[in-house]
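Chemist: Based on the sequences and whatever the hints tell you, model everything.
Protein chains: 2
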Amino acid sequence: MGRLSDFQNHLVQSAKKVSDTISRLIPATDGPESRLSDAMRYATLNGGKRLRPFLVRTSAELFDVPEDRALRVAAALEMIHSYSLVHDDLPAMDNDELRRGKPTCHIEFDEATAILAGDALLTYAFEIVGHPDTHPSGEVRSKLVMALAGAAGARGMVGGQMLDLMAEDSSLGMEQITRLQRLKTGMLIAVACEAGAILGNAPDPAHHALSAYAHDLGLAFQIADDLLDVEGDSEIVGKKTGKDAAAGKETFVSLLGVDQARAQAGMLVDQAIEHLAPFEDRADSLRDLARFVINRDS
Amino acid sequence: MGRLSDFQNHLVQSAKKVSDTISRLIPATDGPESRLSDAMRYATLNGGKRLRPFLVRTSAELFDVPEDRALRVAAALEMIHSYSLVHDDLPAMDNDELRRGKPTCHIEFDEATAILAGDALLTYAFEIVGHPDTHPSGEVRSKLVMALAGAAGARGMVGGQMLDLMAEDSSLGMEQITRLQRLKTGMLIAVACEAGAILGNAPDPAHHALSAYAHDLGLAFQIADDLLDVEGDSEIVGKKTGKDAAAGKETFVSLLGVDQARAQAGMLVDQAIEHLAPFEDRADSLRDLARFVINRDS
Numbered sequence: 018m019g020r021l022s023d024f025q026n027h028l029v030q031s032a033k034k035v036s037d038t039i040s041r042l043i044p045a046t047d048g049p050e051s052r053l054s055d056a057m058r059y060a061t062l063n064g065g066k067r068l069r070p071f072l073v074r075t076s077a078e079l080f081d082v083p084e085d086r087a088l089r090v091a092a093a094l095e096m097i098h099s100y101s102l103v104h105d106d107l108p109a110m111d112n113d114e115l116r117r118g119k120p121t122c123h124i125e126f127d128e129a130t131a132i133l134a135g136d137a138l139l140t141y142a143f144e145i146v147g148h149p150d151t152h153p154s155g156e157v158r159s160k161l162v163m164a165l166a167g168a169a170g171a172r173g174m175v176g177g178q179m180l181d182l183m184a185e186d187s188s189l190g191m192e193q194i195t196r197l198q199r200l201k202t203g204m205l206i207a208v209a210c211e212a213g214a215i216l217g218n219a220p221d222p223a224h225h226a227l228s229a230y231a232h233d234l235g236l237a238f239q240i241a242d243d244l245l246d247v248e249g250d251s252e253i254v255g256k257k258t259g260k261d262a263a264a265g266k267e268t269f270v271s272l273l274g275v276d277q278a279r280a281q282a283g284m285l286v287d288q289a290i291e292h293l294a295p296f297e298d299r300a301d302s303l304r305d306l307a308r309f310v311i312n313r314d315s
Numbered sequence: 018m019g020r021l022s023d024f025q026n027h028l029v030q031s032a033k034k035v036s037d038t039i040s041r042l043i044p045a046t047d048g049p050e051s052r053l054s055d056a057m058r059y060a061t062l063n064g065g066k067r068l069r070p071f072l073v074r075t076s077a078e079l080f081d082v083p084e085d086r087a088l089r090v091a092a093a094l095e096m097i098h099s100y101s102l103v104h105d106d107l108p109a110m111d112n113d114e115l116r117r118g119k120p121t122c123h124i125e126f127d128e129a130t131a132i133l134a135g136d137a138l139l140t141y142a143f144e145i146v147g148h149p150d151t152h153p154s155g156e157v158r159s160k161l162v163m164a165l166a167g168a169a170g171a172r173g174m175v176g177g178q179m180l181d182l183m184a185e186d187s188s189l190g191m192e193q194i195t196r197l198q199r200l201k202t203g204m205l206i207a208v209a210c211e212a213g214a215i216l217g218n219a220p221d222p223a224h225h226a227l228s229a230y231a232h233d234l235g236l237a238f239q240i241a242d243d244l245l246d247v248e249g250d251s252e253i254v255g256k257k258t259g260k261d262a263a264a265g266k267e268t269f270v271s272l273l274g275v276d277q278a279r280a281q282a283g284m285l286v287d288q289a290i291e292h293l294a295p296f297e298d299r300a301d302s303l304r305d306l307a308r309f310v311i312n313r314d315s
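Going line by line, the protein sequences match chains A and B. Residue numbers for the first sequence follow the numbering used here, so the first one is 18 and each next one is one higher. Residue numbers for the second sequence follow the numbering used here, so the first one is 18 and each next one is one higher.
These aren't lab readings, by the way, just hints derived from the structure by calculation. Treat each hint with caution, since some may be false.
Note that identical chains are pooled: a pair holds if it fits in a single copy or bridges any two copies.
In silico SDA-like pairs for lysine to any residue, Cα to Cα no more than 20 Å straight-line [to be verified]: (1) K66 <-> R313; (2) K119 <-> E185; (3) K66 <-> R117; (4) K34 <-> N63; (5) K66 <-> K266; (6) K266 <-> P49; (7) K266 <-> E50.
Modeler: In structure tokens form, the structure reads like this:
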């Protein structure tokens with residue numbers, strides 16, 4: 018096997034551990050509320066690549082954080098990511114019927130259940146992070162809560178989604194698209210790395226190096242996503258492609274063209290990898306992930 | 018002025034402080050995201066009675082908690098309450114167009130904005146509670162995060178809302194209605210009192226006495242709400258009345274009848290007040306609130 022397929026194997030193993038953790042944290046229940054836990058499980062146990070959890074775990078490993086702690090935060094972050102997808106897919110938002118090749122949550126259940134399952138996942142993420150099992154120090158847990166909430170809220174992911182919805186009626190330039198995507202997807206990717214540093218009480222320079230890596234990675238990730246929307250096979254991508262163009266939305270690809278967008282993503286990945294120099298070969302998984310992000314087909 | 022109107026005056030003053038705090042925490046913004054902060058402000062700065070914040074503040078006073086700390090938690094709890102109303106009012110949920118006499122959030126803005134504003138309020142509540150300004154101890158902040166998330170999530174408010182939606186297709190008995198309402202509204206009322214105790218590092222017996230008070234208060238509150246739905250004037254109540262009957266939903270009133278429901282609410286309030294005995298006259302505001310809850314007209 019080549020280096021990339023070794024890495025993909027590593028990623029699959031990590032995704033399995035994260036899924037097992039999520040499944041344990043959201044047990045299937047009996048009784049009348051089972052519909053809610055069923056929808057929460059459906060939204061999270063869906064064969065995703067678990068890139069954000071991988072970032073949490075791999076960043077945490079740099080600081081020798083015990084695996085079970087990192088897994089809890091990784092699961093919480095994935096719940097936040099999953100809730101955002103459930104709400105984004107709703108008819109009043111992006112109105113998507115397919116996600117990772119399966120019916121979206123509101124199609125499989127119904128709209129009300131999807132709204133509530135998203136709400137419950139978001140709430141539960143903070144309960145998990147606040148729990149002493151995540152870290153013995155209340156200071157560390159509170160820092161994690163604030164970091165996750167900051168990245169996920171009005172000045173982060175939700176704010177970016179609001180900008181994205183409004184972008185359908187206006188045409189954005191590079192600066193505005195970059196800002197929108199930094200909020201909508203970049204900040205949650207960045208906080209994944211930051212969470213590892215917080216869990217490990219990382220010194221400031223290490224913290225900053227990881228943040229810089231994550232910032233570049235997040236943008237590269239988004240450009241790769243835009244490229245997949247233009248060039249990807251919807252069967253492999255697992256959701257409808259060509260959506261941005263159909264919605265008349267500007268993207269990195271519509272603004273830069275395919276070739277320049279691909280070059281830009283490659284440059285960002287190189288730049289991301291440079292930030293990892295202080296960690297020497299301990300950060301090889303993060304380097305592999307950066308390369309994978311722009312070479313994936315789904 | 019009589020004792021009750023003295024109390025109402027006290028409640029109005031408290032509500033004003035809470036509104037000022039929320040307004041400071043969610044400043045109006047310029048730029049493209051202003052739509053999101055506008056909707057968040059609309060959903061929270063709406064002339065509500067702020068009963069839950071009053072409970073946080075009054076419980077915290079029992080343990081000499083500095084006012085600014087209690088106000089932050091009170092504001093966060095009110096944001097959680099407000100987000101739940103915004104989402105419950107959505108067309109896919111209760112489909113309400115009027116709330117406190119004004120258009121609901123999705124009518125004033127649109128559905129997508131209402132979903133996002135709710136998400137952002139819920140997320141922000143945890144960011145506020147996790148911030149060192151709320152309490153110098155990270156342990157206390159983490160405990161608050163866990164308590165709020167537990168009460169608001171799948172095993173609390175969101176779970177209760179799921180049961181409520183499912184109740185439209187089935188007829189529930191007293192035990193099931195009591196459980197539904199304990200989850201849907203009781204737990205958030207209970208955590209308001211609990212938050213005061215956590216902020217004040219209250220000893221266990223005081224903590225338990227407050228919990229018992231809040232438990233009975235929550236149920237009395239819900240019965241009073243059901244009575245208002247049957248007997249209230251929609252102009253004064255500020256939302257459509259007669260909704261439960263129209264939806265074919267069982268309530269405390271449909272199961273017990275008006276007279277017995279009123280008697281039950283009175284008994285619960287007496288019981289709630291008894292739990293406050295250990296606090297002697299320091300808990301008079303909590304006693305007044307309990308009496309107010311079943312005598313209000315909106």
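Chemist: Against each hint, give a clear statement of whether it holds in the structure.
Modeler: Status of the hints after comparison with the structure:
1. K66 <-> R313: For K66 and R313, the Cα distance is within 20 Å only inside one copy (11 Å; across copies 53 Å).
2. K119 <-> E185: Neither. Shortest intra-copy (26 Å) and inter-copy (29 Å) distances fail the 20 Å Cα cut-off.
3. K66 <-> R117: Within one copy only: 10 Å inside, 45 Å across.
4. K34 <-> N63: Classified as within; 14 Å inside a copy, 45 Å across copies.
5. K66 <-> K266: neither (26 Å within a copy, 43 Å between copies)
6. K266 <-> P49: between (42 Å within a copy, 16 Å between copies)
7. K266 <-> E50: between (39 Å within a copy, 18 Å between copies)
In summary, the numbered hints that this structure violates are 2, 5.
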